[in-house]
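Just so you know, the sequences run in chain order A and B. So in this note's numbering, spot 159 of the first sequence is number 159, and the numbers just go up one at a time. So in this note's numbering, spot 152 of the second sequence is number 152, and the numbers just go up one at a time.
Treat the hints with care, since some could be wrong.
Stated by the list, open to error - One-sided and incomplete, this derived list gives chain B residues near chain A with beta-carbon spacing under 8 angstroms:
#	residue
1	166
2	167
3	171
4	176
5	177
6	180
7	182
8	189
9	279
Stated by the list, open to error - Here are the computed lysine-lysine pairs in the BS3-like style, where the Cα-Cα straight-line distance is at most 25 angstroms:
#	chain 1	residue 1	chain 2	residue 2
10	A	121	B	184
11	B	271	A	145
12	A	115	A	85
13	A	64	A	7
FYI, nobody ran anything at the bench for these hints, they're computed from the structure. Please read these numbers as outputs of a predicted model, since none were measured by experiment. We put the CB at the ideal spot given by N, CA and C, even for glycine.
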Amino acid sequence: MENTIVKAENYNSYFGDNHVVKDVNISINKNEVIAVMGPSGCGKTTFLRGINRMHELIPGATSKGKILLDGQNVYDMNAIYVRAKIGMVFQRPNPFPNLSIYENVVAGYLLNGIKVSKADKDVIVERSLTSAALWKEVKDSLHKKGTFLSGGQQQRLCIARAIAMQPELILFDEPTSALDPISTSSVEQLFHELKANYTLIIVTHNMQQAARVSDRTAFFYMGELVEFDDTKQMFTNPADQRTQNYITGRFS
Amino acid sequence: MEAKIGFRNTKSVIFKGIVVFFAFVITLPLIIVLIYIIKQGITQVNWHFLTNVPAPVGEKGGGILNALWGSFLMVMVAAVVAIPVGMAAGIYLSENPRTKLAYYSGLCVDILQGVPSIVVGIVVYFWIVKPLGTFSALSGSLALAIMMLPIVIRSTEQTLRLLPDSLKEAALSLGVPYHRVILKVIVPCGFAGILSGITLSIARVIGETAPLLFTAFGNPYLSSSLTKPMESLPHLIFTYATSPYDDWHNLAWGASFILLMFVLILNIVTKVITRKWKIQL
Chain A
1 MENTIVKAEN
11 YNSYFGDNHV
21 VKDVNISINK
31 NEVIAVMGPS
41 GCGKTTFLRG
51 INRMHELIPG
61 ATSKGKILLD
71 GQNVYDMNAI
81 YVRAKIGMVF
91 QRPNPFPNLS
101 IYENVVAGYL
111 LNGIKVSKAD
121 KDVIVERSLT
131 SAALWKEVKD
141 SLHKKGTFLS
151 GGQQQRLCIA
161 RAIAMQPELI
171 LFDEPTSALD
181 PISTSSVEQL
191 FHELKANYTL
201 IIVTHNMQQA
211 ARVSDRTAFF
221 YMGELVEFDD
231 TKQMFTNPAD
241 QRTQNYITGR
251 FS
Chain B
1 MEAKIGFRNT
11 KSVIFKGIVV
21 FFAFVITLPL
31 IIVLIYIIKQ
41 GITQVNWHFL
51 TNVPAPVGEK
61 GGGILNALWG
71 SFLMVMVAAV
81 VAIPVGMAAG
91 IYLSENPRTK
101 LAYYSGLCVD
111 ILQGVPSIVV
121 GIVVYFWIVK
131 PLGTFSALSG
141 SLALAIMMLP
151 IVIRSTEQTL
161 RLLPDSLKEA
171 ALSLGVPYHR
181 VILKVIVPCG
191 FAGILSGITL
201 SIARVIGETA
211 PLLFTAFGNP
221 YLSSSLTKPM
231 ESLPHLIFTY
241 ATSPYDDWHN
251 LAWGASFILL
261 MFVLILNIVT
271 KVITRKWKIQ
281 L
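Isolated chain A (complex conformation):
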């Protein structure tokens, strides 16, 4: 399909001898919100980190198979280029504590030594913070340190930081698991707005969240991709017994 942005072909990941992600084949379309769910230790985060080649940074971690980004295998590209092209938001908000809110948003440019004029930076900062639904709250304190913000604001700052690099695809690794319910709902709200311009892959172990935010859901179990289908379909009429067991809470 030409609309495909990410495609995994027989993708496997390992930690040493431990086979964590097994033969995953998946195809994700542009401007979709994909939820990746499954019990702890099922390989969902490892799979996610394989997409932007963060997995291999862990000592002993390896992978096999292909992940195609716009038809090109990311494992044939320069890892640094891949990571710059794909945005990522982590479990815990991790703004750079030595940088101001403003600098945090343009951190991808600053830290990579990419020269951007002050005027362009101003535009990037305002646009990114607006997309991350944070602009109104911080526009008067752009030069304060990012770590003074609340947890939910910090996470939206991290989303703005990812957006600023103009990626097509943003990966979220359990982005709300360290946030309170109000911050969580503000971030979830954001997913709906981001969908217009970006493709989102969201790892979550919260089923309700998967159901609320995603168009399609992938269910991982013991390193396998068990089922990948429309979210509604999966939650109302799962094809696989294991998916049904998980959704009905027979194991977690």
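Model the placement of chain B on the given structure of chain A, informed by the hints.
Chain B in isolation, oriented as in the chain A frame:
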């Protein structure tokens, strides 16, 4: 039972008393030394004392300019050598704690910290002074740099190790190459810790006499040449305090006072840096 509990409480009170007493007692040596040196030294210190070289025996006046300048110069050169090397090693140790190289170089750092300073002096004497045939400030600086290294390495390592991995991941996920992650994110975030390690190491070596005895040696004249012998504060104190002349003893007291003030100020600066510049994670 009642009586027993009363006895236990008494024991606790006595124990607490002993701990408080010794916590107080250990401050005494410093206070006594401070008072004594201030009393003996402060009367010697004036502008003339700070801006003149020592006077020959029999002449009035004289100062410690040569030693002040020499100590400053040698410590600066030592810092220029020790800071980049120490920081690089510290970064390696914190980034790769489980490698064999890290194990052995970590062990060497610990041992180096325990090597008596006079031994460092002798080794540098055989490495540099003997082949070159002359005492030199440069060899003194090298000896001081070796003394500074373990402190810089360990403080860098320990500061950086406390930074969460999530910080590094944040930068890496933006496509920032590893060397920039270290130089632009990790080191700036640990800056206060590293800097306080540096000031502490300077405070540590500025008063070292032993490594300079066979290396920088000493020089009664003002000298800025790194290839010639150079005076330093601790060495001046050593020579003048062991001399038989009262004038020279006074000079040594004044120099001790100045040296003590340096160490005191450096330690206070270190505390301020850690408190003020510490980055809130």
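Hints versus structure:
1. 166: holds, 4 angstroms
2. 167: holds, 6 angstroms
3. 171: holds, 6 angstroms
4. 176: holds, 4 angstroms
5. 177: Holds. Min distance 5 angstroms.
6. 180: holds, 6 angstroms
7. 182: violated, 11 angstroms
8. 189: holds, 5 angstroms
9. 279: At about 5 angstroms, which falls below the 8 angstroms cut-off, the nearest Cβ of chain A leaves the hint on residue 279 of chain B intact, so it holds.
10. A/121 with B/184: Roughly 19 angstroms separates the two Cα atoms, so the pair holds.
11. B/271 with A/145: Holds. Residue 271 of chain B to residue 145 of chain A sits at ~23 angstroms (cutoff 25 angstroms).
12. A/115 with A/85: holds, 17 angstroms
13. A/64 with A/7: holds, 14 angstroms
Checked against the numbered hints above, the structure breaks only hint 7 and satisfies the rest.
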